[in-house]
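Novice: Sequence:
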Amino acid sequence: SLYVSEYFSQSAQKLSFYSWYGNAKLFHFHVPEDTVLLRWLLQASRGKGPECTSMEITVHFRHGAPPVINPLGTRFPANATVRPSYNISITLSSAVQNTTFVNVTTPAAGDWFIAAHLPEAAGRIEVKGFSTPCPYMFQADMFVLRLTDMPVLEPGVPTPHTVVSPAKPLHVKVFVPKHAAGMRFQLSSCSTSGHRACAVRVLLGSITLPQSFQRVLTCTGSVNCSLALESPPWEKWLQITVESLGTANASVAVEMLASFTVCRPGSTSSFLNFISLNQSQAGGRPGAAGSSAPAAGEAPHNTSGQRSSCLQSQPVVREDLDVVSVRYRLLNGPSVPVNALSPTLLLLNLNTGMDSGGSLVVNLLLNKTSVSLANATVVACVSAASPVLSLNATRNCSTAFSQGYPLSVSTSSAEAMLIVLYPQTDDWFLSLQLLCPRGQRECSTAEAKVTVFSYLTPCFNDCGPYGQCSLLRRHGYLYAGCSCKAGWGGWSCTDDTKAQSVGTQNLATLLLTLSNLMFLPAIAVAVYRYYLVEASVYTYTMFFSTFYHACDQPGVAVMCIMDYDTLQYCDFLGSVVSIWVTILCMARVKKILKYVLFVLGTLLIAMSLQLDRRGVWNMMGPCLFALVIMVAAWVHHGAKRKHCYPSSWKRWVFYLLPGITLAFIAISVYAFMETNENYYYTHSIWHVLVACSVAFLLPPRDKHKKPWAWSQKLTCRYQICQNDREELYAVT
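Numbering-wise, the sequence shown is residues 1 to 732 according to my numbering.
Keep in mind the hints are simulated off the structure, nothing from the lab. Glycine included, each C-beta is placed from N, C-alpha and C at the ideal position. Be aware that one or more of the hints could be misleading.
Stated by the list, open to error - No farther apart than 25 Å at their CA atoms in a straight line, the calculated lysine-lysine pairs in the DSS-like style are these:
(1) LYS594 to LYS640
(2) LYS591 to LYS642
(3) LYS642 to LYS594
(4) LYS640 to LYS590
(5) LYS650 to LYS640
(6) LYS485 to LYS368
(7) LYS498 to LYS485
(8) LYS48 to LYS14
(9) LYS591 to LYS640
(10) LYS590 to LYS642
What the hints assert, rightly or not - Computed beta-carbon distance windows for the label pairs:
(11) ILE125 to VAL323: 27 to 33 Å
(12) GLY221 to LYS14: 55 to 61 Å
(13) HIS475 to GLY621: 34 to 40 Å
(14) SER193 to ASN392: 45 to 51 Å
Given the sequences, and given the hints that come with them, work out the whole structure.
Specialist: As structure tokens, this is what we get:
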């Protein structure tokens with residue numbers, strides 16, 4: 001045999017602390033056919049700075065679709081079936097880098113996914129630029145060992161093979177045809193080169209993660225041993241591995257036979273289904289639809305019981321709506337007939353390679369008037385790769401190499417729903433059959449009508465009212481995840497364990513919006529002291545900060561007067577410009593220079609916010625530059641007057657020092673104390689402190705300007721009128 005090794009690599013990704021699925025970094029690989037060994041090379045590294053500490057990285061594996069993970073231990077939505085993912089932990093302690101190997105023998109061909117993430121996020125809101133997070137990097141590489149000339153078993157034909165040694169197992173494969181109801185594998189004529197007792201182990205199927213249903217058959221002596229498989233995967237190569245359990249130098253000769261029992265589907269009234277059935281039979285089964293000729297590769301003894309159809313196939317049309325969004329329509333109507341003689345089969349096509357990043361939803365609704373027997377139950381099974389063709393209470397909805405998802409409806413419970421999160425890339429089947437408690441003879445003539453609604457959606461229920469469905473991308477692969485708000489959690493934001501009550505949400509909205517009214521004293525002081533431009537800026541900031549936080553709320557207390565992004569930009573712009581004009585106003589520079597700096601600084605701030613809205617230097621840069629101007633102006637005024645500026649100790653004690661103290665406290669709260677849980681009151685404190693500091697820091701009005709004389713502006717009778725006309729006196 002000729003083995004070929006191949007190497008696949010993807011670029012490293014920076015890991016994030018986990019709070020939702022978007023924080024997990026996804027790697028997507030494709031394993032070729034006839035692969036006998038798969039080796040993952042996992043490389044994790046961290047930075048060398050003092051902020052880097054020991055960290056545990058969790059890595060999840062899955063075949064066919066992204067892994068379904070739950071690091072936070074939250075609840076999944078009702079009717080969702082979840083199977084835990086296969087995962088390992090990589091610890092970065094004293095070493096800067098860690099290299100880990102993961103081996104998978106006889107892996108299943110197709111898509112494989114790896115997801116890596118750090119532990120749960122702490123929830124603290126970090127201002128970009130104040131702290132330097134430690135970079136944790138992760139890279140996954142894939143090595144495969146592929147057999148180029150793997151022998152093929154021809155169905156129904158005994159084939160001799162030789163296992164050279166225990167160190168070199170024999171790999172063969174057989175193709176499973178469509179509509180195969182069962183497969184029988186038989187091993188016979190086992191003999192060794194040293195005439196010792198023959199002992200071999202046969203592995204049927206490939207390994208898939210997180211669950212593997214590989215079948216194991218151990219054969220000893222020359223006695224024939226066999227294994228029967230029900231519902232093998234349709235239209236796929238089935239890999240068979242034979243290992244010798246004897247001595248190291250002894251070869252083993254065996255004879256293998258694979259035979260199939262093919263199920264003949266019943267015809268329906270749909271012309272499209274008739275055409276598709278003929279096309280599927282043209283290559284594999286000679287004869288027209290409805291003929292009893294054996295399928296290609298079917299053993300001669302398996303043709304006797306195939307004169308009656310063993311399933312009724314209903315035509316289904318796949319309708320692509322959007323990215324990871326598909327609707328399945330039945331050509332014969334939304335209701336399908338279900339009887340007790342043979343299962344009704346629906347094909348749900350999810351093999352495009354781009355359908356595994358959503359949620360498959362199957363909803364069954366029983367028409368109670370269509371069932372003549374009150375105790376009858378319609379049992380259904382959703383499975384991948386092959387359908388379940390014999391539905392009963394003991395089968396537990398399982399096929400040869402996979403475990404399906406059971407459903408049932410009856411007159412007492414007429415509706416059932418199933419949600420499959422991240423369904424694997426494959427052909428999915430929905431099997432339905434009518435069962436009676438006293439046996440199938442009781443309901444041999446009965447028929448039930450079941451309405452089937454099936455669709456693929458990016459996020460189930462669009463993540464509900466407390467979540468946002470986000471479309472994620474890894475290279476060309478698209479998948480979806482829910483980002484939850486207001487304390488809600490879970491895969492679809494249905495876990496209300498830590499959810500905020502409606503009262504808490506209303507309180508948060510009121511605090512974050514009404515706290516901006518503390519700018520009213522600053523506006524009044526600015527207007528009273530003739531700083532009208534500054535008062536206009538404070539009014540702008542108060543308005544947009546109020547409505548931005550009213551729109552930014554995660555719960556039900558939300559009001560958006562315009563686009564969210566516009567409100568956020570105007571809020572950030574108003575906040576930085578308010579600090580800019582306040583410090584320049586304190587500098588007491590000439591008016592023309594002050595207004596030029598106002599306009600020029602506002603334009604530069606608008607540009608920098610467009611480049612990076614959350615960068616700390618967008619706020620600190622203008623502040624530091626304005627402080628330099630203010631200090632230079634104060635030094636100039638002090639040198640010119642030959643005493644400290646401002647000269648009044650009252651100005652320092654009652655205005656400047658309180659204002660500076662409030663500003664420093666506000667910056668400390670904003671940069672170091674805000675978390676996701678306390679955001680609504682810590683950020684409200686930030687609003688109050690900043691607004692109060694502005695009212696304290698604004699300088700007094702110019703001495704040559706008179707105060708607003710509102711009483712003299714009112715035309716109340718003639719008593720407040722003043723005659724400014726100059727009277728001329730004639731000198732005689």
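Novice: Evaluate each hint against the coordinates.
Specialist: Quick rundown of the hints versus the structure:
1. For the given pair, LYS594 sits about 19 Å from LYS640 by alpha-carbon distance, which is consistent with the 25 Å threshold.
2. Of the pairs offered as hints, the one joining LYS591 and LYS642 holds, with about 23 Å between alpha carbons and a cut-off of 25 Å not exceeded.
3. Distance hint between LYS642 and LYS594 is fulfilled; the C-alpha atoms sit about 24 Å from each other, no more than 25 Å.
4. Proposed proximity of LYS640 and LYS590 is supported: the alpha carbons are some 15 Å apart, at most 25 Å.
5. Proposed proximity of LYS650 and LYS640 is supported: the alpha carbons are some 21 Å apart, at most 25 Å.
6. A distance of roughly 40 Å separates the Cα atoms of LYS485 and LYS368; the hinted pair therefore is violated under the 25 Å criterion.
7. This hinted pair checks out: LYS498 and LYS485 have alpha carbons roughly 10 Å apart, not beyond 25 Å.
8. Taking the CA atoms of LYS48 and LYS14, the gap is near 15 Å; set against the 25 Å cutoff, the hint holds.
9. Straight-line distance between C-alpha atoms of LYS591 and LYS640 comes to about 19 Å, which keeps the hinted pair within the 25 Å bound.
10. Restraint check for LYS590 and LYS642: the C-alpha separation of about 20 Å stays at or below 25 Å, so the hint holds.
11. For the hinted restraint 27 to 33 Å between ILE125 and VAL323, the CB-CB distance of approximately 31 Å keeps it satisfied.
12. Between GLY221 and LYS14 the CB atoms are about 58 Å apart, so this pair conforms to the stated range of 55 to 61 Å.
13. For the hinted restraint 34 to 40 Å between HIS475 and GLY621, the CB-CB distance of approximately 36 Å keeps it satisfied.
14. A hinted range of 45 to 51 Å holds for the C-beta pair SER193 and ASN392, which are about 47 Å apart.
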